[in-house]
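A.B. asks: The residues making up each chain are set out below.
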Amino acid sequence: MIDKTAASAEAAVADIFEGASIMIGGFGLAGMPSRLIDALIARGAGGLTIINNNAGNGETGLAALIKAGRVRKIICSFPRQTDSHHFDARYRAGEIELELAPQGNLAARIQAAGAGLGAIFTPTGNGTLLAEGKETREIAGRQYVLEYPIRADFALIKAHKGDRWGNLTYRKSARNFGPIMAMAATCTIAEVSEIVPLGALDPEIVVTPGIFVQRIVAVGGVQRDDA
Amino acid sequence: MIDKTAASAEAAVADIFEGASIMIGGFGLAGMPSRLIDALIARGAGGLTIINNNAGNGETGLAALIKAGRVRKIICSFPRQTDSHHFDARYRAGEIELELAPQGNLAARIQAAGAGLGAIFTPTGNGTLLAEGKETREIAGRQYVLEYPIRADFALIKAHKGDRWGNLTYRKSARNFGPIMAMAATCTIAEVSEIVPLGALDPEIVVTPGIFVQRIVAVGGVQRDDA
Amino acid sequence: MSRLSREDMARRVAQDIPEGAYVNLGIGLPTLVANYLPRDREILLQSENGLLGMGPAPPKGQEDGDLINAGKQPVTLLTGGCYFHQADSFAMMRGGHIDICVLGAFQVSTRGDLANWHTGEPDAIPAVGGAMDLAIGAKQTFVMMELLTKQGASKLVETCTFPLTGLACVSRIYTDVAVFALGAGGARVVEIAGGLSFEALADMARVPLIDARASLRETGA
Amino acid sequence: MSRLSREDMARRVAQDIPEGAYVNLGIGLPTLVANYLPRDREILLQSENGLLGMGPAPPKGQEDGDLINAGKQPVTLLTGGCYFHQADSFAMMRGGHIDICVLGAFQVSTRGDLANWHTGEPDAIPAVGGAMDLAIGAKQTFVMMELLTKQGASKLVETCTFPLTGLACVSRIYTDVAVFALGAGGARVVEIAGGLSFEALADMARVPLIDARASLRETGA
Numbered sequence: 013m014i015d016k017t018a019a020s021a022e023a024a025v026a027d028i029f030e031g032a033s034i035m036i037g038g039f040g041l042a043g044m045p046s047r048l049i050d051a052l053i054a055r056g057a058g059g060l061t062i063i064n065n066n067a068g069n070g071e072t073g074l075a076a077l078i079k080a081g082r083v084r085k086i087i088c089s090f091p092r093q094t095d096s097h098h099f100d101a102r103y104r105a106g107e108i109e110l111e112l113a114p115q116g117n118l119a120a121r122i123q124a125a126g127a128g129l130g131a132i133f134t135p136t137g138n139g140t141l142l143a144e145g146k147e148t149r150e151i152a153g154r155q156y157v158l159e160y161p162i163r164a165d166f167a168l169i170k171a172h173k174g175d176r177w178g179n180l181t182y183r184k185s186a187r188n189f190g191p192i193m194a195m196a197a198t199c200t201i202a203e204v205s206e207i208v209p210l211g212a213l214d215p216e217i218v219v220t221p222g223i224f225v226q227r228i229v230a231v232g233g234v235q236r237d238d239a
Numbered sequence: 013m014i015d016k017t018a019a020s021a022e023a024a025v026a027d028i029f030e031g032a033s034i035m036i037g038g039f040g041l042a043g044m045p046s047r048l049i050d051a052l053i054a055r056g057a058g059g060l061t062i063i064n065n066n067a068g069n070g071e072t073g074l075a076a077l078i079k080a081g082r083v084r085k086i087i088c089s090f091p092r093q094t095d096s097h098h099f100d101a102r103y104r105a106g107e108i109e110l111e112l113a114p115q116g117n118l119a120a121r122i123q124a125a126g127a128g129l130g131a132i133f134t135p136t137g138n139g140t141l142l143a144e145g146k147e148t149r150e151i152a153g154r155q156y157v158l159e160y161p162i163r164a165d166f167a168l169i170k171a172h173k174g175d176r177w178g179n180l181t182y183r184k185s186a187r188n189f190g191p192i193m194a195m196a197a198t199c200t201i202a203e204v205s206e207i208v209p210l211g212a213l214d215p216e217i218v219v220t221p222g223i224f225v226q227r228i229v230a231v232g233g234v235q236r237d238d239a
Numbered sequence: 060m061s062r063l064s065r066e067d068m069a070r071r072v073a074q075d076i077p078e079g080a081y082v083n084l085g086i087g088l089p090t091l092v093a094n095y096l097p098r099d100r101e102i103l104l105q106s107e108n109g110l111l112g113m114g115p116a117p118p119k120g121q122e123d124g125d126l127i128n129a130g131k132q133p134v135t136l137l138t139g140g141c142y143f144h145q146a147d148s149f150a151m152m153r154g155g156h157i158d159i160c161v162l163g164a165f166q167v168s169t170r171g172d173l174a175n176w177h178t179g180e181p182d183a184i185p186a187v188g189g190a191m192d193l194a195i196g197a198k199q200t201f202v203m204m205e206l207l208t209k210q211g212a213s214k215l216v217e218t219c220t221f222p223l224t225g226l227a228c229v230s231r232i233y234t235d236v237a238v239f240a241l242g243a244g245g246a247r248v249v250e251i252a253g254g255l256s257f258e259a260l261a262d263m264a265r266v267p268l269i270d271a272r273a274s275l276r277e278t279g280a
Numbered sequence: 060m061s062r063l064s065r066e067d068m069a070r071r072v073a074q075d076i077p078e079g080a081y082v083n084l085g086i087g088l089p090t091l092v093a094n095y096l097p098r099d100r101e102i103l104l105q106s107e108n109g110l111l112g113m114g115p116a117p118p119k120g121q122e123d124g125d126l127i128n129a130g131k132q133p134v135t136l137l138t139g140g141c142y143f144h145q146a147d148s149f150a151m152m153r154g155g156h157i158d159i160c161v162l163g164a165f166q167v168s169t170r171g172d173l174a175n176w177h178t179g180e181p182d183a184i185p186a187v188g189g190a191m192d193l194a195i196g197a198k199q200t201f202v203m204m205e206l207l208t209k210q211g212a213s214k215l216v217e218t219c220t221f222p223l224t225g226l227a228c229v230s231r232i233y234t235d236v237a238v239f240a241l242g243a244g245g246a247r248v249v250e251i252a253g254g255l256s257f258e259a260l261a262d263m264a265r266v267p268l269i270d271a272r273a274s275l276r277e278t279g280a
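Residue numbers (the working numbering), protein chains in the order written: chain A, 13 to 239; chain B, 13 to 239; chain C, 60 to 280; chain D, 60 to 280.
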């Protein structure tokens, strides 16, 4: 029987290693897998490369991971926010490397990784600082910038409901990066509100098919199927 | 009020012009928008470039369009089938140009068009006849082939339910090319079983957001919303 | 001479957004436009974090942390709206599906180059978000800004000195004193607010301007 | 010497598909493998047209034209299966998410080049479907074929003469007389069916073969 359910968030992240690259879902706090990040902090692995849209908000989640000094590099589109003080401090101290990517390039590069592309010519960033040193090409009268896929060893994402095969649904705008990060990591770990029995998710509404998910942890309840 | 509902299939295709490029959804007959194709045949525009996975099955739909002599060129992955006799005859007579693409390249090129990419390096076809004359590049130790987006003037797709804003759901494996073709055409026309009132589709289960759909035609009933 | 308030500027932009348009409003000043969209028009707001059909802020106490806008403020979803992931959201922008985006700016050049993401100060922490994608992806990019900085410098320039967001991407600028249409031919003045003369405006802007008020009125553009 | 029947070949391939594997079975001979998957293992079949968790054919009279497989035959969906569009379906293959695909072949080279989509005849209408994507995308590509053509020529060759589907992509071949593991080092014989000797097999295959039966048994590979 395929059962991707992990006993706990701690068990789910137990093999995340020093120096790993980790995608973390969420746009700000919406869709951020806080329980998994707490477990990752407790686990202690450092020197991490984090891929997220932001660079942490306030004191929890990614901000706490940065505060704990575990992040060596961050790839994101929008680090500077009113409440990104932990990132700001580490960055100004030269303790975190920043790779800034336009949000659409970030999304497209993650999607390209999941889909097995080698590189993409993207329309965004041409003629700007963020394309400096990158290959450009005119195609059908328009300039494009060559960008490479972003893969990761792990993806930590937050979904709404899931089942033991790893099928996932999301909730409102917390969906954001979850579906594409799930496809781009070697090991995707999903934190869900509830694990439901196999078959409880309508096959038409599954957003992330289980093939893209290796482990699933419920922060709410787990309903076992009778099978 | 936004109302993308067309009065009939005939009205929906009335501006499809001679020489247009048209994406047609479907894998075999599943997801093929037969009513729209019938209306297109009645409309009479010829010299068409068709993008579909196949090249028609039996006597209906795309096969009937080919039989009627309206197709100048077809871009597809799998033309030769046991019941593709109308295509076979026109092709052997030199009356239809064929651009054969691996199915994954076809899907990725359509998706790239919808997403605004200039080109993609794809892993499929390297070293084969279908990559002859195409640019290749080694990236991270693997060979990729440069492929360009496929756009179209129109997309004719079949969905399950839709609303007046053009939001769509699909049914089972009839989903296939619909969502990506809807994103890659200047004018997307969806044939649906039923048009439901705005709000009847759960925002979590909409597969194609209405922004990608310009017209919608019900082959079953239309429920008007009270608004 | 009377300059338009921020609310008046938002009202003016809103007038130019037609029924059925798919619109993305940038963070800050452009967000105000939502308040002035004519109620008799159905206009769909897209939010880069994965919403189409974004509605106003919820009543106090009904906020949902999973339903926020690009500025991370709580919002609602209109009947008929829907959710999608980031790649689809940016496909909407980059694939040319968004009709209009409205952005703020530090500087805009007369040919439509935009600078709105980075002050260029050496100690600034850069952040770009979706600005570059919106600027080059929407069918039309509108900028909404005061014409002058607090120091009195024109933000409409011949060449941007701040780091660029996108090249030749802005088609219109709505300012507190005038509306400009931009393009390869330079900056054309579409309308002037209050009693300001063309000459006085040109003196403020300090870039070559073309008076297109008569011709644009005639063509209805 | 007894050659394996098509059913026996399918049974042999099925043995090598582990619990939890995501598997795509090509059209034709590989489709038979589904009938022999051990019932005590949960194995998920992917169909290129947008299904994961594909089940067997429905009972007569319960076919649904919207629920078909890659061969356009009616199928069912298992409890826990789901639907998705073509780009996601091919992302599963090309992104390396499918564990095993099983394909038929005209020819396979000893280093794993595959030819299975085109006979190369000048009047043939070519059709490729998802074969090229599967061949190079799955983590492991298995080929299932009779070793010899009807004319007695070996389909395991040093260099394919038919048009290629993919380069160096096949890791194993299951034939009616032997199982081969392929790679840069050439073709290794993993097991031989019936009473055939290695020498007799080598004589049939007419390519250099490495006898790896003992070493593979020891490592369990």
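Treat each hint with caution, since some may be false.
Said to hold, decoys possible - Derived coverage of chain D by chain A (criterion: at least 3 residues anywhere in the stretch with Cβ under 8 Å from a Cβ of chain A; other residues may be distant):
| # | stretch |
| --- | --- |
| 1 | 71-81 |
| 2 | 94-107 |
| 3 | 147-161 |
| 4 | 229-241 |
Just so you know, the hints here were simulated from the structure itself, not pulled from any lab data.
From a predicted model like this one, the values you see are computed outputs, not experimental measurements.
Every residue gets a Cβ at the ideal spot worked out from N, C-alpha and C, and that includes glycine.
A.B. asks: Could you check the structure against the hints above and give me the numbers of any it violates, in ascending order?
C.D. replies: Hint 4 is the one this structure does not satisfy, whereas the remaining hints hold.
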